[in-house]
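> Sequence:
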Amino acid sequence: MKAAFLRFLALLLPLLIITTTITLYIYNEDIQQLEQGIKDRELGRQQSSMQMTQLHFSPIVSDLQLLALKVKALDISSTLSADDRHILTEDFKRIINTRDFYDQVRLLDSNGQEVIRVNNHNGDAIALPENKLQDKSARPYVQKALRSPPDSLYTSQFDLNIENGSIEYPKKPTLRFITRISINGNDWLVSLNYLGVTYLSHLKKEYTWKNSERWLVNGNGNWLLGPNEASSWLFMDNVTEGKDFNSQYPAVWDSILKHQHGQVTLDGYLYTYSRLFSDETSKAKELYTLPFGGTDLPWTIISKINLNDAVTAISFTPDRIIKFALSGALIVALLSGCLVMAWHLSRRLQQETELKQRSEDLAHQYETLVRNTPNGLITLDLEQRITKMNPAAAQIFQVISDDVIGQPFNQLALGVRARRQITNLIENIKQSAELGSLVPVKSQIKLSATRKQHLEIVGVETQYSNSKEILLTIRDVTSWVNRELKLKSLSRALEQSNDTVLITDCRGIIEYVNHSFEELSGQRAKELVGSQSEALLKSALGSLHDVRNIQNQLKTGQTVHRIVSREQGENTFYEEKTISPIRNERGKISHYISTGKDITERVLFESQLHKLAHYDALTSLPNRTLFYQQLETAEQQAKITDEPLALLNIDLDLFKQVNDSLGYDLSDQVLIIVAKRIRSALRDNDILARLDGDEFSILMKSHVTPENVTQLASRLLTIISSLISINSQELWLSASIGIAMYPEDAKSHDALVKSADIALSRAKHDGRNQAKFFTQQMAVDSNKLLSLEGELRRTLGTSRYTLFYQPKVSAGTHQLCGIEALLRWTDDAGKIQPPNEVIPILESSGLIIDVGEQLIYESCIQLQKWQAQGYYFNYALNISARQLLNSNIVDTMHKAITESGCDPHYLEIEITESVVMSDVRAAFDKLVKLQALGVRIAIDDFGTGYSSLAYLSRFPIHILKVDREFVKELPMNKDSITITRSIIELAHNLNIDVVAEGVENIDQVKFLETIGVEEFQGFYFGKPMPLADFERTCLNVPQEEDSAIS
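If you use UniProt numbering, the sequence shown corresponds to residues 1 to 1046, in order.
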């Protein structure tokens, strides 16, 4: 096929190339002839236009010469008589009436003054009176005409007529023909004003070729007749730059200046031009001359034609169409012959290819079938040698087909019994073939050489042209055999299963029940099989409506799951039933199977899990999960009924101290008592839950008014604070309550919980043992605190955290003996925020640990700088409960002292007595270690807590600071005097120094000195101040030395 195709191409391509070359050559020659014909025709038209121009202007010259003779015949003297005027006027009128292309006929004297003037007014000859005759002496054409030789002909510039110094409208293209006459020694001028529009229109109409133009330009290259009206006479408006002919077509104009006539081809356009010269001033041929002289001669007549469009326009003539048709027919005939030959050749090749492809496809199909069939195929010769084996057979016998070709079939690893069975099978095949039977011989064998394998072998003898073969078809039926065994095992499993099994046909007639079903129902299988199952279904469900519903579901192919219960004595048993349709091979429901499982233990266990997941194990109250579900349900119901809700969050005050004092077992008993007391104060439809630890919550769903809620809160505070006696101990508790109303305070249950928590926080913040209703201002304050916490966290480690220093002075001398470093924080505007707002947030958020570590390092560095400058005084730093108990304060302090190199004996830490008592063991351990570092320990705000000095005597305490609450009323308040004196005496008995805080006047100073206070601290001696102010005020450091000290 490939060779035939190449032969066809070898014949076709030369023919196509020769035909195409000849066609293109003829076409190009034809185009060149057409273009030359167009050029010749354009030259002919130019000659016609030149002759038309000469013929057009000849009568004008004759008319002017006739008028000149008539003027001479009158033998005029220096002035014109009335008769002569009348005679000439009539002659002028006849000329205008005869020729409609004259605008004016005039007679001028030697001074350029009009003597006679006849105008053409709409076809009528009208002579102007003498008083309207004009002086034309200033006109260039008059001056030139007066200088011309007598009896000579002169023309003015071809331009627009001007009246009174302006172009006359409508525009009048005018050419003035003038002759000079000398009579009796006087010069006279006869002037004919020719309307050039007639000539221009003739010139334009003469050329009617489509897509072409005819122009006329003067000797300066200015448009006289342009492409349009706007382009003509541009030189009269002094608008010629870049717009006149010589500017737009410089190449054509350059050729015009060099030749009298010619043709120029530019950008596909043919420009044909001819110049008109004066017969007196030019040596041009007669065809290119005019019978007069002129100011703007020579004129040039120009035609412009689109050469391609012109060729196209004249290409489709009948003769040429016949020529093209014949050429096309020749090409079509040639191509048709080639196509017919190609078609016959391709048909022959296609038939040959299809026949070959069908043979290959058929062979490939049989090969694919043999190779991919799941059944093994083996062919044997009559000596039982293997001649062919497909992959499936090789896989069944676990051999490589190429290795066993030519070997006897019995040499395969078949086993003794299987080999004997196959030998018998082959003998039976031969005997069947000898008897002329075409029925295949079938046998089943079992292989056990490597693994148990069941095979089904079907054999038949095949006859070829000159040979015979035995074809064995081998099928591995191991899975079928195993499936049968499995079905038998499943049947036994159904009988031995603890789950009940019942099978019915599609009409509900029972066909099978297992032993477990017999035991559960108390009926024997022979009693049930063949009966209708509807009665059993009704007894299990107890409702005929439920029976019909389940039957309808089963008919639609759905599986039904139900849990049914049955009473047996005092016990209830639960069974999980599943009824499923069984479909046959056509997808139709043929049977139904019902299985049942005893789930009594699971139901009881799930019930217990539900209780554990939703109820508090200690108080049996709903836990947080169940309570929030109940709250959400109540919210949805309230939206429907438009009834308000109230949420009360209760938190027992300082319950951690109860845990620490009584232990967790007794604390749990306390919580049970509190839960029962709260429950006793509620109505039946109020919901009480224990959310966490010592936190309870109450949901009021009916009769919710502010008065009722307030009364309930008061009752709760009263009963909770009542005496509790447990294990021979008496205990008084208090509680804080936060209250939020729905929908007044919140529009959703989540927002309601948040609002109640905010109100609870406010109740605890304001002193505990009280109830607070939520207000929007609380939310604003809460958001403000949250925003402040975020800002505190963001600025951690920056200079926004700083220390202010308040001096401490010695009693008696009032000399500086120490300072207390106080934490301050500035906002974005640089304003210092109140410590009582910042420090609680640092405490609650845990930021106080990171901030505290930063300030410990800064304090040790600053202390070392002062010591290096010779300033030795005590440096006190406040430590919070979180810092002492929840951080590695000992390691931090040791690292800071080591890295800074300060003397730790001047370092003090101040803690409150409540910090020490919150976790006595941990506090004692860390204070001892801090003392080992050389750090002194001070108890701040002593006297405001609940500890005693005797209890604190076990701790390494070096300094006691009397709280400002006792100092501020000294020396006037007797109780304050007694308490302060007792604190000082007890401290001195334990060798502990005393510092009085909040000293603000001299009277306090004098009194405290008399009772033995060692140090003073307060506004009287100095307020907390920045480092620079402290050094300048207390250390007398000059301003310029501040940076060097600090």
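Fair warning: there could be bad hints in the mix.
With a Cα cut of at most 25 Å, we get these calculated BS3-like pairs of lysine-lysine [unchecked claim]:
#  : residue 1 : residue 2
1  : Lys430    : Lys452
2  : Lys526    : Lys538
3  : Lys172    : Lys72
4  : Lys136    : Lys93
5  : Lys865    : Lys611
6  : Lys39     : Lys72
7  : Lys597    : Lys538
8  : Lys526    : Lys442
9  : Lys895    : Lys968
10 : Lys468    : Lys430
11 : Lys676    : Lys764
12 : Lys611    : Lys538
13 : Lys39     : Lys304
14 : Lys388    : Lys304
15 : Lys538    : Lys486
16 : Lys304    : Lys204
17 : Lys865    : Lys895
18 : Lys597    : Lys526
Everything labelled a hint here was simulated from the structure, so no lab data went into it.
> Give a verdict on every hint.
Now the hints, each set against the structure:
1. Lys430 x Lys452: With a Cα-Cα distance of about 29 Å, the restraint between Lys430 and Lys452 is violated, given a limit of 25 Å.
2. Lys526 x Lys538: The hint holds at about 20 Å.
3. Lys172 x Lys72: With Cα atoms ~31 Å apart, Lys172 and Lys72 exceed 25 Å; violated.
4. Lys136 x Lys93: holds, 21 Å
5. Lys865 x Lys611: violated, 66 Å
6. Lys39 x Lys72: With a Cα-Cα distance of about 50 Å, the restraint between Lys39 and Lys72 is violated, given a limit of 25 Å.
7. Lys597 x Lys538: At roughly 18 Å apart (the allowed maximum being 25 Å), Lys538 and Lys597 satisfy the hint.
8. Lys526 x Lys442: Measuring from Cα to Cα gives roughly 41 Å; hence the hint is violated.
9. Lys895 x Lys968: The given pair, whose Cα atoms are some 39 Å apart, is violated under the 25 Å limit.
10. Lys468 x Lys430: holds, 11 Å
11. Lys676 x Lys764: With a Cα-Cα distance of about 23 Å, the restraint between Lys676 and Lys764 holds, given a limit of 25 Å.
12. Lys611 x Lys538: Since the Cα atoms of Lys611 and Lys538 sit roughly 33 Å apart, the hinted pair is violated (cutoff 25 Å).
13. Lys39 x Lys304: holds, 11 Å
14. Lys388 x Lys304: violated, 92 Å
15. Lys538 x Lys486: violated, 35 Å
16. Lys304 x Lys204: The hint holds at about 12 Å.
17. Lys865 x Lys895: Status holds; Cα separation ~17 Å.
18. Lys597 x Lys526: Within the cut-off at roughly 22 Å; holds.
Checked against the numbered hints above, the structure violates hints 1, 3, 5, 6, 8, 9, 12, 14, 15; every other hint is satisfied.
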